[in-house]
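Participant: Sequences are here, hints too, so could you generate the full structure?
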Amino acid sequence: MSKITKLIVLGITAFWLILPAYAQEASKEQVKGLDEQVQEIKTDVLSIAAELNQLEEKLLYPSDTQIAIFVSMAEGEKFRLDAVTIELDGKSVAHHLYMFKELEALQKGGVQRIYVGNVRTGEHALRVTVIGKTEGGSDFQKVESFTVTKDIEPRLVGVVLAGTGIGSKTVTLKEW
Amino acid sequence: MPRSILILVCLLFATSASAAGSYAPNGLKDVYFGEALYHAFQGNWFQAVARLDTELGQYRGVDEPALDTLYHHVGHAEFAVGDFELAYRMHHRAGRAISAVIEGNVEEPVRNEAVYRLARLYFQKDQPENALHALERIRGTVPASIRDDLAFLRGQILMANGRFAEAAPVFKELRSAKGLEGFAGYNLGIALLKEGKEQNGRESLDRTGQILSDSRSTLAIKDKSNLVLGYKLLDENAGENAKLVLDRVRLSGPFSNRALLGSGWADASQGLFERALVPWSILARREVTDPAVQEALLAVPYAYGKLSVHGRAALLYGEALESFGREVDRLGASIESVREGKFLQALAREELKQDSDWVVKLRNLPETPETYYLLELMASHDFQESLKNYLDLNELRKKLAAWEGDLDAFEDVIERRRAYYQPLLPEIDLAFRQLDSRIRLRLEQRDLIEKRLHAMLTAPRPDYLATAGERVVSEQIARLEQALAANGAAAPEVEERVARLRGVLVWNISTQYDRRLTDAYKDLRDLNQEVDRLKKQYAAFVRTRQAATQSYEGYGDAIRRQRTLIASAQEKETVLMARQGNLLETMAVNELTKRRERLEQFQITARFAIADSYDRAAKAQNQKGAAQ
Chain A
702 MSKITKLIVL
712 GITAFWLILP
722 AYAQEASKEQ
732 VKGLDEQVQE
742 IKTDVLSIAA
752 ELNQLEEKLL
762 YPSDTQIAIF
772 VSMAEGEKFR
782 LDAVTIELDG
792 KSVAHHLYMF
802 KELEALQKGG
812 VQRIYVGNVR
822 TGEHALRVTV
832 IGKTEGGSDF
842 QKVESFTVTK
852 DIEPRLVGVV
862 LAGTGIGSKT
872 VTLKEW
Chain B
175 MPRSILILVC
185 LLFATSASAA
195 GSYAPNGLKD
205 VYFGEALYHA
215 FQGNWFQAVA
225 RLDTELGQYR
235 GVDEPALDTL
245 YHHVGHAEFA
255 VGDFELAYRM
265 HHRAGRAISA
275 VIEGNVEEPV
285 RNEAVYRLAR
295 LYFQKDQPEN
305 ALHALERIRG
315 TVPASIRDDL
325 AFLRGQILMA
335 NGRFAEAAPV
345 FKELRSAKGL
355 EGFAGYNLGI
365 ALLKEGKEQN
375 GRESLDRTGQ
385 ILSDSRSTLA
395 IKDKSNLVLG
405 YKLLDENAGE
415 NAKLVLDRVR
425 LSGPFSNRAL
435 LGSGWADASQ
445 GLFERALVPW
455 SILARREVTD
465 PAVQEALLAV
475 PYAYGKLSVH
485 GRAALLYGEA
495 LESFGREVDR
505 LGASIESVRE
515 GKFLQALARE
525 ELKQDSDWVV
535 KLRNLPETPE
545 TYYLLELMAS
555 HDFQESLKNY
565 LDLNELRKKL
575 AAWEGDLDAF
585 EDVIERRRAY
595 YQPLLPEIDL
605 AFRQLDSRIR
615 LRLEQRDLIE
625 KRLHAMLTAP
635 RPDYLATAGE
645 RVVSEQIARL
655 EQALAANGAA
665 APEVEERVAR
675 LRGVLVWNIS
685 TQYDRRLTDA
695 YKDLRDLNQE
705 VDRLKKQYAA
715 FVRTRQAATQ
725 SYEGYGDAIR
735 RQRTLIASAQ
745 EKETVLMARQ
755 GNLLETMAVN
765 ELTKRRERLE
775 QFQITARFAI
785 ADSYDRAAKA
795 QNQKGAAQ
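Chains as they are written, first to last, in the working numbering: chain A, 702 to 877; chain B, 175 to 802.
Do not take every clue at face value.
[Stated by the list, open to error] Cβ pair distances, simulated, as ranges:
#: 1; chain 1: B; residue 1: 203; chain 2: A; residue 2: 730; range: 43 to 49 Å
#: 2; chain 1: A; residue 1: 809; chain 2: B; residue 2: 283; range: 18 to 24 Å
#: 3; chain 1: A; residue 1: 791; chain 2: B; residue 2: 718; range: 19 to 25 Å
#: 4; chain 1: A; residue 1: 786; chain 2: B; residue 2: 583; range: 52 to 58 Å
#: 5; chain 1: A; residue 1: 845; chain 2: B; residue 2: 301; range: 51 to 57 Å
#: 6; chain 1: B; residue 1: 301; chain 2: A; residue 2: 777; range: 39 to 45 Å
#: 7; chain 1: A; residue 1: 823; chain 2: B; residue 2: 203; range: 26 to 32 Å
#: 8; chain 1: A; residue 1: 823; chain 2: B; residue 2: 723; range: 29 to 35 Å
#: 9; chain 1: A; residue 1: 802; chain 2: B; residue 2: 390; range: 18 to 24 Å
#: 10; chain 1: B; residue 1: 317; chain 2: A; residue 2: 802; range: 24 to 30 Å
#: 11; chain 1: A; residue 1: 809; chain 2: B; residue 2: 580; range: 27 to 33 Å
#: 12; chain 1: A; residue 1: 731; chain 2: B; residue 2: 460; range: 52 to 58 Å
#: 13; chain 1: A; residue 1: 791; chain 2: B; residue 2: 602; range: 25 to 31 Å
[Stated by the list, open to error] Chain B stretches covered by chain A per the calculated footprint, using a threshold of three residues with CB under 8 Å from any CB of chain A:
#: 14; segment: 265-275
#: 15; segment: 550-560
#: 16; segment: 709-722
#: 17; segment: 726-735
Everything labelled a hint here was simulated from the structure, so no lab data went into it. The model shown is predicted, which means the values in this text are computed figures rather than measured ones. Using N, Cα and C, we set each Cβ at its ideal position, and we do this for glycine too.
Facilitator: Written out as structure tokens, the structure reads:
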């Protein structure tokens with residue numbers, strides 16, 4: 702018995718040492734074939750998404766009335782951003798609570814489209830409220846007001862957030 | 175332990191996250207590139223590819239690319255889109271995107287980084303020859319950030335092509351490279367062994383097995399080196415050395431169960447069964463679904479048998495048999511559960527995907543007993559790829575369904591707009607036409623005035639600048655002059671008076687000509703400002719009018735087309751998802767069946783061993799009785 706058992710044990714252990722030896726009946730070819738078809742359908746769906754985005758933009762946000770607001774963080778900022786609220790002409794149009802991944806994406810230099818909507822040409826009041834924690838860990842809330850001018854082109858407004866360092870403004874606007 | 179298996183998975187297979195090597199450029203100029211990066215940094219690859227693809231498409235369509243904001247980052251963006259596609263596991267498109275960068279007019283370091291990524295792509299897709307050919311295209315400066323990774327990849331590719339003698343020096347150079355500690359040494363050991371340099375290979379594995387590190391991944395590869403070396407020694411009946419090496423494996427790492435099993439066998443091979451019982455007994459108390467633990471359940475009574483404690487051996491074989499029986503039933507239930515589709519349902523659970531340890535959490539779901547036996551399978555490359563495809567398809571299905579809803583909403587919006595605008599527009603158009611003709615008339619008048627004023631700069635015409643009153647007076651004087659001329663001889667003083675009046679009028683107009691001309695120009699400028707305002711209002715009205723029509727006209731074809739495309743994609747997706755799900759279920763059922771068959775073999779072995787132990791115990795009892 703002992704020899705047989707040892708053989709079984711060693712054989713099986715060797716089997717577990719080599720991961721690719723999980724020889725499923727599903728062949729490599731089958732896995733590969735399906736993978737290629739999945740890639741094809743992803744391409745199809747991406748192209749539908751592109752057309753649908755264009756359609757949506759044309760239908761819901763025509764260029765002469767479109768305003769889009771983008772949030773980004775100043776380079777090197779490490780403060781914790783909890784929430785941003787955007788008010789346009791006195792109306793709250795966007796309120797976003799940030800998850801860790803989103804905050805990290807902003808800190809790495811990503812730009813978030815927080816709002817897209819329609820306004821008439823002319824001047825509009827923009828109010829940005831930022832809630833967060835400084836690098837030191839104390840809570841802060843800052844409110845800044847701006848005036849943005851809408852022309853016949855789509856208006857892309859950048860809202861750049863910074864910490865509460867002395868002399869620095871927490872929220873500034875950027876032209877995209 | 176399951177968590178450690180996950181670390182191992184990360185070690186063995188380059189995951190999508192490693193493809194996300196994108197970074198934000200300094201001084202970002204293009205907001206949509208920034209938006210794509212925002213999605214990419216969160217691992218939302220679909221949105222990242224969709225956004226950047228659209229932006230690149232628009233950039234390629236512009237007449238003057240230098241004026242486009244993407245112009246400043248286009249090389250980076252083309253690189254990034256390949257990266258995102260790779261992360262979204264669209265290898266064909268990623269390959270094309272990366273090749274485009276290589277073929278393009280880019281700097282040497284950028285080109286070399288692209289070649290590196292292409293080679294890595296081929297390597298991941300199990301095309302080592304193509305990977306090697308790609309690497310041969312590297313020339314000149316390689317960016318410092320990828321230098322070690324590139325060398326490591328080169329070593330791996332050489333190994334995959336069976337060129338172990340060339341791979342070994344590559345790994346040798348990398349032994350102290352940051353982040354590759356342990357990995358280079360382990361691969362060097364394997365390359366040397368494959369090359370036939372047994373002693374050198376063992377030495378390298380031995381060195382790697384004693385490396386000092388706090389990194390979880392380095393510790394895992396260190397354990398693996400010890401395990402491989404230990405079993406190699408065990409195979410060669412070098413039990414004592416094997417024991418030393420296997421005991422270096424951590425008791426809580428991903429390889430601990432197999433190390434404990436081997437450690438016991440190392441003792442057993444030297445006839446030290448009492449000592450073998452120590453690791454085997456620890457192992458036998460661990461999670462029973464692990465194959466090493468199941469083997470330990472047989473190994474422990476085997477050792478007792480060798481120590482002539484046949485009664486205890488028989489008892490433990492009996493316990494093992496019971497345990498195997500329970501597990502065989504459990505495996506049967508699991509196979510049934512997989513066939514009922516519960517496994518796939520569990521895999522697609524949303525809350526699990528939010529958790530990086532989701533495979534571990536899956537084990538805790540009461541409705542998925544099968545996952546107890548599938549942890550290692552789920553860590554395998556093919557399963558992972560198939561699972562990711564299944565989950566991606568599931569996401570695509572949700573997207574397509576949501577888009578169908580969006581199209582319904584679009585149609586509703588269009589109908590509401592049509593119902594609002596259509597009755598209003600004819601009346602507005604009529605009023606506009608009337609206003610339009612008046613505007614045109616006034617504009618013509620303004621043009622005429624401007625033309626005259628310009629002409630007067632070279633050929634003064636004071637009469638053009640007479641006031642309305644002066645014109646009336648001038649006409650009255652003209653009438654008087656006509657009357658005097660018609661009546662013939664009139665009193666001279668009357669003629670003089672009329673002539674004086676004419677003279678005064680001409681004097682006034684002529685002497686005030688310059689001031690009047692200046693005033694006229696000022697008035698024209700004021701008028702121009704009004705005209706500009708009018709033109710702006712006119713243009714705004716025309717735009718708004720056009721927008722009103724465009725808000726409900728011309729969408730029918732696009733929406734119908736989208737519906738057709740979505741329906742076709744849904745059809746394909748349904749078939750593919752079923753096939754992909756079936757493949758996963760087949761993999762799971764096959765794995766579970768294999769494990770059940772193995773346990774059934776163990777049951778047979780245990781039954782024989784029980785009988786054998788009882789015989790020996792009885793024999794020993796008889797001998798003892800006879801002796802007494």
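Participant: If a hint holds in the structure, say so; if it doesn't, say that too.
Facilitator: Right, here's what the structure says about each hint:
no.: 1; hint: B:203 x A:730: 43 to 49 Å; verdict: 46 Å, holds
no.: 2; hint: A:809 x B:283: 18 to 24 Å; verdict: 22 Å, holds
no.: 3; hint: A:791 x B:718: 19 to 25 Å; verdict: 24 Å, holds
no.: 4; hint: A:786 x B:583: 52 to 58 Å; verdict: 26 Å, violated
no.: 5; hint: A:845 x B:301: 51 to 57 Å; verdict: 54 Å, holds
no.: 6; hint: B:301 x A:777: 39 to 45 Å; verdict: 41 Å, holds
no.: 7; hint: A:823 x B:203: 26 to 32 Å; verdict: 27 Å, holds
no.: 8; hint: A:823 x B:723: 29 to 35 Å; verdict: 23 Å, violated
no.: 9; hint: A:802 x B:390: 18 to 24 Å; verdict: 22 Å, holds
no.: 10; hint: B:317 x A:802: 24 to 30 Å; verdict: 27 Å, holds
no.: 11; hint: A:809 x B:580: 27 to 33 Å; verdict: 30 Å, holds
no.: 12; hint: A:731 x B:460: 52 to 58 Å; verdict: 35 Å, violated
no.: 13; hint: A:791 x B:602: 25 to 31 Å; verdict: 30 Å, holds
no.: 14; hint: 265-275; verdict: holds (count 3)
no.: 15; hint: 550-560; verdict: holds (count 9)
no.: 16; hint: 709-722; verdict: holds (count 3)
no.: 17; hint: 726-735; verdict: holds (count 4)
Hints 4, 8 and 12 from the list above are not met by this structure, while the remaining hints are.
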